[in-house]
Amino acid sequence: MAKEKLEVIKEANLNNNCPECFNQDLNLTFYQKHTYGSFFHKITGELSNKLVCNTCHSTIYPVTWTDDIERMFNYYQKTVIPAKKTSKPTMLFYSLILVLIALVAAVIYVFISGTIQF
Numbered sequence: 013m014a015k016e017k018l019e020v021i022k023e024a025n026l027n028n029n030c031p032e033c034f035n036q037d038l039n040l041t042f043y044q045k046h047t048y049g050s051f052f053h054k055i056t057g058e059l060s061n062k063l064v065c066n067t068c069h070s071t072i073y074p075v076t077w078t079d080d081i082e083r084m085f086n087y088y089q090k091t092v093i094p095a096k097k098t099s100k101p102t103m104l105f106y107s108l109i110l111v112l113i114a115l116v117a118a119v120i121y122v123f124i125s126g127t128i129q130f
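First residue of the sequence shown? That's 13 in my numbering, and the numbers climb one at a time after it.
In case anyone wonders, no lab produced these hints; they're calculated from the structure. It cannot be assumed that every hint is accurate.
To be verified - Listed next, with one range per pair, are the computed distances between beta-carbon atoms:
id	residue 1	residue 2	range
1	Y88	C33	18 to 24 Å
2	G57	V119	40 to 46 Å
3	H53	V122	42 to 48 Å
It should be emphasised that the depicted structure is a prediction, and the values quoted were computed from it without experimental measurement. Glycine included, each C-beta is placed from N, C-alpha and C at the ideal position.
Please put together the full structure from these sequences, using the hints given.
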């Protein structure tokens, strides 16, 4: 089964008021989804974000955002540069390919040499 992980792309501290405690210490974080499988490591184009107040430690959802928070979010969203969508093979994939090539070469050698002598 592939393991999924959210890698941090960008973090920003906002000086806007928290809708819960009205303190001015917010942290906006953007994430990109990575999947780690046995044979491949994929970087997806899926982006997510999270806005947390550092004082009351509550997650602030877009429903409760003020116009100022939304304006700052849109600004920072434009500055986020995600990694390219890629798929990289792992060492297990390369070793499996190498074993298969060796197995095919052995079978071809046996057929070319004629018979198997023990």
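Which numbered hints turn out to be false for this structure? The structure breaks only hint 3.
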